[in-house]
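**Student:** Given the sequences, and given the hints that come with them, work out the whole structure.
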Amino acid sequence: MPSAPRHAIFTGHRSAPGQHPVEVLVTASSSPEDPWFVRLRCIDEQACEIATWGFSCVALFDALNSPVTSEGVTVQPLGFALLFALSDGAARGSLVQIDRAEVASFLVGLVIAGP
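Throughout the sequence shown, residue numbering follows the numbering used here, covering 1 to 115 in sequence.
The set of hints was computed from the structure by calculation and includes no laboratory data.
The structure presented is a predicted model; accordingly, all values stated were derived computationally and were not measured.
Among these hints, one or two may not hold up.
[To be verified] FRET-style restraints, in silico, Cβ to Cβ:
#  : residue 1 : residue 2 : range
1  : G109      : N65       : 16 to 22 Å
2  : A59       : G79       : 16 to 22 Å
3  : G18       : A104      : 29 to 35 Å
4  : T27       : D62       : 33 to 39 Å
5  : D34       : H13       : 14 to 20 Å
6  : N65       : H20       : 25 to 31 Å
7  : D44       : G109      : 25 to 31 Å
8  : H20       : V58       : 20 to 26 Å
9  : H20       : V111      : 35 to 41 Å
10 : L64       : A113      : 14 to 20 Å
11 : S70       : S105      : 18 to 24 Å
12 : V111      : Q19       : 35 to 41 Å
13 : V108      : C48       : 28 to 34 Å
14 : I112      : G18       : 21 to 27 Å
Cβ coordinates follow ideal geometry from the N, Cα and C atoms, glycine included.
**Tutor:** Printed below as a string of structure tokens:
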């Protein structure tokens, strides 16, 4: 019996060169078909999608402590936050910052639930 998709919503901030940071939502989800892969979507205040990117669950766990790169995105810990440097597509040069503890809680939930 397949398990249900798993989702989380994080509030964070996005900044781009020459712009003030704006509040954004970052949704994280994994599907029953690929439970160890996390797809992230960054949505602005007008509910427009800014960017999507993805990481394996293991890579995101690693990123809680040291920088990792996947799909043209580098993620690194910065104090209490994770900082995603978006380097491709329309979001080139954007930085998205979300809470490390919230991400860790989501990842632990994925692992406990299992595939």
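**Student:** Next step is simple, just say for each hint if it's right about the structure.
**Tutor:** Now for the hints, and whether the structure bears them out:
Taking the beta carbon of each, G109 and N65 are about 19 Å apart, inside 16 to 22 Å as hinted. For A59 paired with G79, a C-beta distance near 20 Å keeps the hint of 16 to 22 Å intact. A beta carbon spacing of about 32 Å between G18 and A104 agrees with the range 29 to 35 Å that was offered as a hint. Remark: the range hint 33 to 39 Å for T27 to D62 is contradicted by a beta-carbon distance near 21 Å.
Between D34 and H13, the C-beta spacing of about 29 Å breaks the proposed range 14 to 20 Å. Restraint check, N65 to H20: a C-beta distance of roughly 29 Å satisfies the suggested window 25 to 31 Å. A C-beta distance of roughly 26 Å is found between D44 and G109, which places it inside the suggested range of 25 to 31 Å. Checked against the hint of 20 to 26 Å, the pair H20 and V58 fails, with Cβ atoms roughly 35 Å apart.
For H20 and V111, the hinted distance range of 35 to 41 Å is satisfied, since their beta carbons lie about 37 Å from each other. Between L64 and A113 the CB atoms are about 19 Å apart, so this pair conforms to the stated range of 14 to 20 Å. Range check, S70 to S105: Cβ separation about 21 Å, and the 18 to 24 Å hint holds. Between V111 and Q19 the beta carbons are some 36 Å apart, a value that agrees with the proposed interval 35 to 41 Å.
A hinted range of 28 to 34 Å holds for the C-beta pair V108 and C48, which are about 31 Å apart. Distance hint check: the CB atoms of I112 and G18 are about 42 Å apart, inconsistent with the given range 21 to 27 Å.
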